[in-house]
Amino acid sequence: ISTLVVGEHEGGKVKPSCLSAVEAAKSLSKDNSISLLLAGSGSSLREAAAIAASRHPSVSQVLVADSDIFTHPLAEPWAKLIHLIQQRGNYSHVVASSGSFGKNILPRVAALLDVSPITDVVEISDSHLFVRPIYAGNALSTVRYNGAGPCLLTVRSTSFPVAPIFDDSKSNEAPISQVDLSTFSEESIGKSRYVKLASQETERPDLGNARVVVTGGRGLKNAENFKMIEKLAEKLGAAVGATRAAVDAGFVPNDLQVGQTGKIVAPELYMAFGVSGAIQHLAGMKDSKVIVAVNKDADAPIFQVADYGLVGDLFEVIPELLEKLPEKK
Amino acid sequence: MKIMVAIKRVVDYAVKIRVKPDKTGVETQNVKMSMNPFCEIALEEALRIKESGVASEVVAVSMGPAQCVDTLRTGLAMGADRGIHVEATEALYPLSVAKLLRALVEVEKPGLLILGKQAIDDDCNQTGQMVAGLLNWPQGTFASKALDVLVTLAINDEKMEFNLLMPFGLVKVNWQQHRGIHSELQKICSDSVVLDKEKQALTVDREVDGGLETLCLDLPAVITTDLRLNQPRYATLPNIMKAKSKVIKKFTLKDLNVEIKPDFEVVQVTEPPKRKAGVMVSSVDELIDKLKNEAHVI
Chain A
1 ISTLVVGEHE GGKVKPSCLS AVEAAKSLSK DNSISLLLAG SGSSLREAAA IAASRHPSVS
61 QVLVADSDIF THPLAEPWAK LIHLIQQRGN YSHVVASSGS FGKNILPRVA ALLDVSPITD
121 VVEISDSHLF VRPIYAGNAL STVRYNGAGP CLLTVRSTSF PVAPIFDDSK SNEAPISQVD
181 LSTFSEESIG KSRYVKLASQ ETERPDLGNA RVVVTGGRGL KNAENFKMIE KLAEKLGAAV
241 GATRAAVDAG FVPNDLQVGQ TGKIVAPELY MAFGVSGAIQ HLAGMKDSKV IVAVNKDADA
301 PIFQVADYGL VGDLFEVIPE LLEKLPEKK
Chain B
1 MKIMVAIKRV VDYAVKIRVK PDKTGVETQN VKMSMNPFCE IALEEALRIK ESGVASEVVA
61 VSMGPAQCVD TLRTGLAMGA DRGIHVEATE ALYPLSVAKL LRALVEVEKP GLLILGKQAI
121 DDDCNQTGQM VAGLLNWPQG TFASKALDVL VTLAINDEKM EFNLLMPFGL VKVNWQQHRG
181 IHSELQKICS DSVVLDKEKQ ALTVDREVDG GLETLCLDLP AVITTDLRLN QPRYATLPNI
241 MKAKSKVIKK FTLKDLNVEI KPDFEVVQVT EPPKRKAGVM VSSVDELIDK LKNEAHVI
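The listed protein sequences correspond, in order, to chains A and B. So that you can map any letter, position 188 of the first sequence is 188 in the numbering used here, and since no number is skipped, the others follow by simple counting. So that you can map any letter, position 270 of the second sequence is 270 in the numbering used here, and since no number is skipped, the others follow by simple counting.
No wet-lab data here; the hints were simulated from the structure. Please read these numbers as outputs of a predicted model, since none were measured by experiment. No residue lacks a Cβ here, since even glycine has one placed at the ideal position from N, Cα and C. Among these hints, one or two may not hold up.
Claimed, not checked - So the derived label-pair ranges between C-beta atoms look like this:
| no. | chain 1 | residue 1 | chain 2 | residue 2 | range |
| --- | --- | --- | --- | --- | --- |
| 1 | B | G53 | A | V162 | 13 to 21 Å |
| 2 | A | S27 | B | A295 | 25 to 33 Å |
| 3 | B | N30 | A | T202 | 42 to 50 Å |
| 4 | B | K109 | A | T202 | 39 to 47 Å |
| 5 | B | E286 | A | Y194 | 45 to 53 Å |
| 6 | A | E268 | B | V279 | 38 to 46 Å |
| 7 | B | V279 | A | V162 | 26 to 34 Å |
| 8 | B | I240 | A | P164 | 55 to 63 Å |
| 9 | B | D22 | A | P326 | 47 to 55 Å |
| 10 | A | S41 | B | M33 | 42 to 50 Å |
| 11 | B | K292 | A | P164 | 43 to 51 Å |
| 12 | B | V247 | A | K296 | 48 to 56 Å |
| 13 | B | E259 | A | P164 | 45 to 53 Å |
| 14 | B | E259 | A | S182 | 31 to 39 Å |
Said to hold, decoys possible - When the alpha-carbon atoms are kept at most 20 Å apart in a straight line, the in silico EDC-like pairs for lysine to aspartate or glutamate are as follows:
| no. | chain 1 | residue 1 | chain 2 | residue 2 |
| --- | --- | --- | --- | --- |
| 15 | B | K292 | A | E123 |
| 16 | B | K290 | A | E320 |
| 17 | A | K296 | B | D22 |
| 18 | A | K289 | B | E57 |
| 19 | B | K276 | A | E268 |
| 20 | A | K30 | A | D114 |
| 21 | B | K250 | B | E57 |
Pulled out of the complex, with its shape left as it was, chain A reads as follows (with noise of 0.2 Å):
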């Protein structure tokens, strides 16, 4: 078994998302040479794939695509880059995390090799035997993949967490080699030109990384309210979440919506307030490990999923957790 690990990079750091991705690899099966792909230019992506050499261990090699056309995240280059990768190296299967990039990306690379993509795995039993939700969720479909081609799948970072490194030593040695590029075809690539990417800049740990997600739905009622939320998640050093319909509603930016096309996460602590729990909902947080739910309706679905569940008045009871709730570590 070999796999290749479609990495993602960023300020010359590997994504926690791609480390999820490789942990996935390693439990296709107990001997998996494992290649992580970086592609880009510049800095960062050489710090990056200096980091992923030296530091985790089950990285067997890293292979570097290093040209400008792999800048952004465009799903034609980077297609036709894994689709040649995937040709030189034969490898037996090609995992991506399922964030927005690896969704994007994948299926196309499997249309070019002829083969069924298995998306959004949450398990993995063996080498050619997955466990994927569908239904948001409702359902999980154990799939086995048969194909004589390689193995394509994307997972789902919350299902596969990483092990904290805790120093900066060296623990690996890994080859660092560059992917030739000289026969990358450039057909089709300018068809597709990349124009912005408009973000929220904040300080906030990430949504689909945070240990403790605090989120708000339609019961805080308005945009303003919904800062009290934010204040909760300062406090406890907490990524901010929201339901479709806070999104909706415009109270928060879209790329906060916790759900079935929102962002799945799995925190240790996830705290809903005025959050009606509909089943797309729950599906995007439902393994966190703790689920707290606070609503002035007692029959809100949400609570039969809650660990601990308070009937109230969610104006009433945030800024009491406010003032009573410890200062963070």
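Got chain A sorted already, so can you dock chain B onto it with the hints?
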């Protein structure tokens, strides 16, 4: 220019699904079926592009058993000009659907193919990307709305202002100074997929993990739609009547020369593990105590 839209018939989003006792799948007999919500958004976007004058025809495609014709009729009642039904009794997977769509693109030669980003039954999120790959067309997946206008009336009456939620944050606008701005902004909002007929290109805003990404794609191209791109219209009674006389052309897999050979099998479908019942607490103090001393999470 012609726009092709793929629509899928799925278990209605409001139905609480039941896993079959023999674990072979989910109960779909005697269950309400509807058009996949993401496909409705795809069709709505195609209709809006046509209404803005840059497209001449919208063709809706559905694949599967005979009942898919009902879903196509709904699409025609919303405003699609004609329908194509690819009849298939066997299960169709994204790779097969992508190949069938490629074959239909060769027949119909659309300039734009729009699909929902995923179907709410298998939640695959694959077909659009795959057909784009097979056709070697550029792809704009997870198309979304660039900016959202919010008028919080309760606050407005007093403060005479409304809030604009931009991708970058909240902007407050004085109501009286900017009376016209709301309708202007609403116009911008409805144009998240912007077609430039001269340049044969389109600009699309995509919902990605870190925010909203804007891409410019050469036509022909594939777009997949996210939830917030638009609000699909309802079919009116006159349009439902009109839809009855619209043409639905039938194709078989053989007509399109596509062979289905699945490279994976569904071994079983099970119910997800249930969470253990929790406890209700009666006060904030009790909650903090439990979180600290029982769950050890704060």
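C-beta pair B:E286, A:Y194: status relative to the range 45 to 53 Å that was hinted: holds, 52 Å
Supplied distance hint 39 to 47 Å, evaluated on CB atoms of B:K109 and A:T202: holds, 46 Å
Proposed proximity, A:E268 with B:K276 (alpha carbon, max 20 Å): holds, 16 Å
Holds or violated: A:K30 to A:D114, with C-alpha atoms at most 20 Å apart: violated, 28 Å
Consistency of beta-carbon spacing, B:M33 to A:S41, with hint 42 to 50 Å: holds, 49 Å
B:I240 paired with A:P164, Cβ distance criterion 55 to 63 Å: holds, 58 Å
Restraint check for A:K296 with B:D22, where alpha carbons must lie at most 20 Å apart: violated, 40 Å
Satisfaction of the hinted span 43 to 51 Å by the C-beta atoms belonging to B:K292 and A:P164: With Cβ atoms ~23 Å apart, the hint is violated.
Straight-line alpha-carbon gap B:K250 to B:E57, limit 20 Å: holds, 18 Å
Consistency of beta-carbon spacing, A:S182 to B:E259, with hint 31 to 39 Å: holds, 36 Å
Whether the CB-CB distance between A:E268 and B:V279 falls inside 38 to 46 Å: violated, 18 Å
Consistency of beta-carbon spacing, B:A295 to A:S27, with hint 25 to 33 Å: holds, 28 Å
Consistency note: the structure conflicts with the earlier hints numbered 1, 6, 11, 15, 17, 18 and 20.
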